[in-house]
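Novice: Just so you know, the sequences run in chain order H and D. Per my numbering, the first sequence starts with residue 1, numbered consecutively. Per my numbering, the second sequence starts with residue 1, numbered consecutively.
Treat the hints as calculated values from the structure; they're not laboratory data. The reader is advised that the hints may include incorrect statements.
No copy is singled out in the list; a pair is fine if it fits within one copy or between any two copies.
[As the list claims (entries may be wrong)] Here are the simulated DSBU-like cross-link-like pairs (lysine-lysine), alpha carbons at most 35 angstroms apart as the crow flies:
| no. | residue 1 | residue 2 |
| --- | --- | --- |
| 1 | LYS242 | LYS294 |
| 2 | LYS19 | LYS245 |
| 3 | LYS11 | LYS410 |
| 4 | LYS294 | LYS238 |
| 5 | LYS313 | LYS459 |
| 6 | LYS470 | LYS242 |
Predicted model only: the values in this text are computed from it and were never measured.
Number of protein chains: 2
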Amino acid sequence: MTNQQQNDFTKWYIDTIQKADLMDYTPVRGCIAFKPDGFEIWEHIQDEMNRRFKETGHRNAYFPMLIPESFFQKEKDHIEGFAPELPWVTEAAGEKLEERLALRPTSETMIGHLYSNWIKSYRDLPVLINQWANVFRWEKKTLPFIRTSEFLWQEGHTAHVDEEEARQETMQMLNIYKEVVEELLAIPVYDGQKTPSERFAGAVDTYSIEAMMKDGKAVQAGTSHYLGTKFAEAFDIKYLNKENKHQHVHTTSWGTSTRLIGSVIMVHGDEQGLVLPPRVAPTQVVLIPVGPWKKNPAIMEKLDELYAALKAKGIRVRLDDSDQSPGYKFNEWELKGVPVRIELGPRDLENNQALIKVRDLTEKESVEIAVIVERIEEELTTMQTRLLEKARAFRDENSHTNVDSLEQLKQHLTDSTENGTIPGWILAGWCGEDACEENVKNETKFTTRNIPFNPPAEKATCINCGKDSKHTVWFGRAY
Amino acid sequence: MTNQQQNDFTKWYIDTIQKADLMDYTPVRGCIAFKPDGFEIWEHIQDEMNRRFKETGHRNAYFPMLIPESFFQKEKDHIEGFAPELPWVTEAAGEKLEERLALRPTSETMIGHLYSNWIKSYRDLPVLINQWANVFRWEKKTLPFIRTSEFLWQEGHTAHVDEEEARQETMQMLNIYKEVVEELLAIPVYDGQKTPSERFAGAVDTYSIEAMMKDGKAVQAGTSHYLGTKFAEAFDIKYLNKENKHQHVHTTSWGTSTRLIGSVIMVHGDEQGLVLPPRVAPTQVVLIPVGPWKKNPAIMEKLDELYAALKAKGIRVRLDDSDQSPGYKFNEWELKGVPVRIELGPRDLENNQALIKVRDLTEKESVEIAVIVERIEEELTTMQTRLLEKARAFRDENSHTNVDSLEQLKQHLTDSTENGTIPGWILAGWCGEDACEENVKNETKFTTRNIPFNPPAEKATCINCGKDSKHTVWFGRAY
Numbered sequence: 001m002t003n004q005q006q007n008d009f010t011k012w013y014i015d016t017i018q019k020a021d022l023m024d025y026t027p028v029r030g031c032i033a034f035k036p037d038g039f040e041i042w043e044h045i046q047d048e049m050n051r052r053f054k055e056t057g058h059r060n061a062y063f064p065m066l067i068p069e070s071f072f073q074k075e076k077d078h079i080e081g082f083a084p085e086l087p088w089v090t091e092a093a094g095e096k097l098e099e100r101l102a103l104r105p106t107s108e109t110m111i112g113h114l115y116s117n118w119i120k121s122y123r124d125l126p127v128l129i130n131q132w133a134n135v136f137r138w139e140k141k142t143l144p145f146i147r148t149s150e151f152l153w154q155e156g157h158t159a160h161v162d163e164e165e166a167r168q169e170t171m172q173m174l175n176i177y178k179e180v181v182e183e184l185l186a187i188p189v190y191d192g193q194k195t196p197s198e199r200f201a202g203a204v205d206t207y208s209i210e211a212m213m214k215d216g217k218a219v220q221a222g223t224s225h226y227l228g229t230k231f232a233e234a235f236d237i238k239y240l241n242k243e244n245k246h247q248h249v250h251t252t253s254w255g256t257s258t259r260l261i262g263s264v265i266m267v268h269g270d271e272q273g274l275v276l277p278p279r280v281a282p283t284q285v286v287l288i289p290v291g292p293w294k295k296n297p298a299i300m301e302k303l304d305e306l307y308a309a310l311k312a313k314g315i316r317v318r319l320d321d322s323d324q325s326p327g328y329k330f331n332e333w334e335l336k337g338v339p340v341r342i343e344l345g346p347r348d349l350e351n352n353q354a355l356i357k358v359r360d361l362t363e364k365e366s367v368e369i370a371v372i373v374e375r376i377e378e379e380l381t382t383m384q385t386r387l388l389e390k391a392r393a394f395r396d397e398n399s400h401t402n403v404d405s406l407e408q409l410k411q412h413l414t415d416s417t418e419n420g421t422i423p424g425w426i427l428a429g430w431c432g433e434d435a436c437e438e439n440v441k442n443e444t445k446f447t448t449r450n451i452p453f454n455p456p457a458e459k460a461t462c463i464n465c466g467k468d469s470k471h472t473v474w475f476g477r478a479y
Numbered sequence: 001m002t003n004q005q006q007n008d009f010t011k012w013y014i015d016t017i018q019k020a021d022l023m024d025y026t027p028v029r030g031c032i033a034f035k036p037d038g039f040e041i042w043e044h045i046q047d048e049m050n051r052r053f054k055e056t057g058h059r060n061a062y063f064p065m066l067i068p069e070s071f072f073q074k075e076k077d078h079i080e081g082f083a084p085e086l087p088w089v090t091e092a093a094g095e096k097l098e099e100r101l102a103l104r105p106t107s108e109t110m111i112g113h114l115y116s117n118w119i120k121s122y123r124d125l126p127v128l129i130n131q132w133a134n135v136f137r138w139e140k141k142t143l144p145f146i147r148t149s150e151f152l153w154q155e156g157h158t159a160h161v162d163e164e165e166a167r168q169e170t171m172q173m174l175n176i177y178k179e180v181v182e183e184l185l186a187i188p189v190y191d192g193q194k195t196p197s198e199r200f201a202g203a204v205d206t207y208s209i210e211a212m213m214k215d216g217k218a219v220q221a222g223t224s225h226y227l228g229t230k231f232a233e234a235f236d237i238k239y240l241n242k243e244n245k246h247q248h249v250h251t252t253s254w255g256t257s258t259r260l261i262g263s264v265i266m267v268h269g270d271e272q273g274l275v276l277p278p279r280v281a282p283t284q285v286v287l288i289p290v291g292p293w294k295k296n297p298a299i300m301e302k303l304d305e306l307y308a309a310l311k312a313k314g315i316r317v318r319l320d321d322s323d324q325s326p327g328y329k330f331n332e333w334e335l336k337g338v339p340v341r342i343e344l345g346p347r348d349l350e351n352n353q354a355l356i357k358v359r360d361l362t363e364k365e366s367v368e369i370a371v372i373v374e375r376i377e378e379e380l381t382t383m384q385t386r387l388l389e390k391a392r393a394f395r396d397e398n399s400h401t402n403v404d405s406l407e408q409l410k411q412h413l414t415d416s417t418e419n420g421t422i423p424g425w426i427l428a429g430w431c432g433e434d435a436c437e438e439n440v441k442n443e444t445k446f447t448t449r450n451i452p453f454n455p456p457a458e459k460a461t462c463i464n465c466g467k468d469s470k471h472t473v474w475f476g477r478a479y
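Isolated chain H (complex conformation) (with noise of 0.2 angstroms):
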């Protein structure tokens, strides 16, 4: 972490997106404006997503945002768990609504109503369709891209003939979270099973992705929940299976929201300001124009040349010809984490060479004119990796697998502290007991972020009460 970073972590996060013009705070409460340029994220995010789940066979499709009250009721765990975050329409066309309509916070029962019609046979299954929406968590702390009151995501929801296959698809779109944060995000993530208290509302099984910030802190980056047959039984969703009889389907959700554009700008920047993965970065290359370059015709010409070469290549590319100085734009089109700029002033061009300084390099390097473009390409791409290898190496160093008892958990936090390192996430194990989980919390606001698919160990007693452990768990605090 970098000097600022350490001073106040979040202080540097909200100065970074609001001076990279990534997002505005707007006067409706905790809801903020994506501009431009974060929302391309968000658009580079949303193609490849759109790729995959079509490619497993899903189709995109919408419903309706305001749901009726009573939908809410039917399903207690999910009223239980949403009913507090809840704007209300209760007024339209000048009149009193008879009943409260809800800005959806997730559509599982709007879709489970849907479904109860739409379904009749087993040869309707499965049915595989994702939406992409606005949804409304009125929350008290809001924190722009993470947590915010109105917020974009996509939601799965399909239905199944039974649990096998519902459990192969909740596993299937987790898989495919954790492939599109790792390699379009460069975000290195842990998948793993959610423990009973941070299940989804009305799941029977919730799985994560979970992402290491530069502060230590935990994002869940994307959740996929089996919701067994509690929405069909709520919903009255039943098919005709080939024996002719009713059954109830089998249902899951999925979704992942554009926290994931806070988290890329959490797991990357640096001093400077945004380092963006390119395949996400709304310009992967900027060229700039340097010495007396107004005097000199053929530093643009060349510029323009460039400029298309790249451009036909698919590279998201801008030229920076405005009045400013070179140095405000150098700093300028870092502090928007552009992976490549390309500098050429009077002397490289009669050297037929340019300047190119990569992102997270630190170094300039000239390169020569004619192999520029697929040197560019090859940055591009390595720096992609690297972005990942970085955050893995980050991640794993601060992912503790030596802490295992309350006491040292204290004492770690205490070492941080005075160390002014972060305290990362502890691998610990757990008897299973919701009391023993909520006094970790209670006495460390470190939570359970999952219990990994893959732990680097395998730990014998429970953190907190010391008896025999059920389950290996991350944990750590989170946003």
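Keeping the supplied structure of chain H fixed, place chain D upon it in accordance with the hints.
Specialist: Chain D in isolation, oriented as in the chain H frame:
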């Protein structure tokens, strides 16, 4: 028009979109669910619009859905236009809100507020932003896709240094709409200016593209507004010009919505169901085995081969190997409007042929399997063009230029009813008085569609008062 369409066009429309699985009603008044086959038409429209918006320098962003009541008060025409249709959030997270929040009917106010912070200098201009979003207008009478309480749309919002540039933008976007609607949806449109009474609430000038449905009624398929400095004044959006003086920006807004899905059905559909232009059809080609195909594995092998070959060409293809009879499948896929069907049975295979049936042509044709892929590509292209030509011929036939007085219009309507023809639209003169427009509407339900840029004739006298006309106008009944 076909018999069913003639008897009750609305019933035909609703039956067809439900049977073809494009949408479903929901328990929330006027809100529909967009099922995958309906939503995918929208996705193809989005892709094409996005491509053209980005080509012309626009970028996507996202703004809050909830708009404080006080924002609407700032532009008086705007609040008058939209207030009667707004739904309101009055409570959230268990508390009554201090100020009511409207579900956006359109975003000029929120965006105006934000642009006033974002725009400081001429260097910040133009601002060229588009948003894809859900919007709400609590309408009394609804019709799926065409008029719903919640719908999806895109709304562009741009800010410019002066009137000239803003007007150029307004026209540029109207032209893009015209091209997309004609080329992608095969719907011919008249482009022109709205009369003052039909202007967007808060606009200086509104322009539209107008499409004729098969029942002769009009759908306003897209609008583009020059807003002058009205919103800039209401929200104090100023920039420092090169002479260091503060100036109000000139703004535009422009939108198209999911009513385009409804339009494509109402323009091309027939007695058998949907007829989808290939470029927006979710399935472009369906492969159906016929005869005793289950006993003859060579048939499915050949179909699998064809499937792969078509898919490799980027064609959206489906293979229907379900247990239903061929006849059932033919009906099913015709109903869904799939452009081309390929049938393959044992005898066809022996002859190295397959039957193809193009959705809007009556005859099936035998085609050699060796050349079938290229042939299908050709058919898709020619069908796309043919649908536009057919729709244009129909539209022109029903665009009457020989109706010059209210008496003649009434006679025309009486004749239509007696002859069982549709009234269509009429081109007539208008003196420019609201009262004349109003009277034509009250007497005949014909409203002004637009003042076309390229009228097929110029009309000298007002259809209502007989005085000199100021404009030549399309009149018609509208959705």
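Novice: Taking the hints in turn, state whether each one holds.
Specialist: Results of checking the hints against the structure:
no. : hint              : result
1   : LYS242 <-> LYS294 : between (77 angstroms within a copy, 20 angstroms between copies)
2   : LYS19 <-> LYS245  : between (61 angstroms within a copy, 26 angstroms between copies)
3   : LYS11 <-> LYS410  : within (26 angstroms within a copy, 70 angstroms between copies)
4   : LYS294 <-> LYS238 : between (72 angstroms within a copy, 31 angstroms between copies)
5   : LYS313 <-> LYS459 : neither (50 angstroms within a copy, 54 angstroms between copies)
6   : LYS470 <-> LYS242 : neither (40 angstroms within a copy, 70 angstroms between copies)
The structure shown violates the earlier hints numbered 5 and 6.
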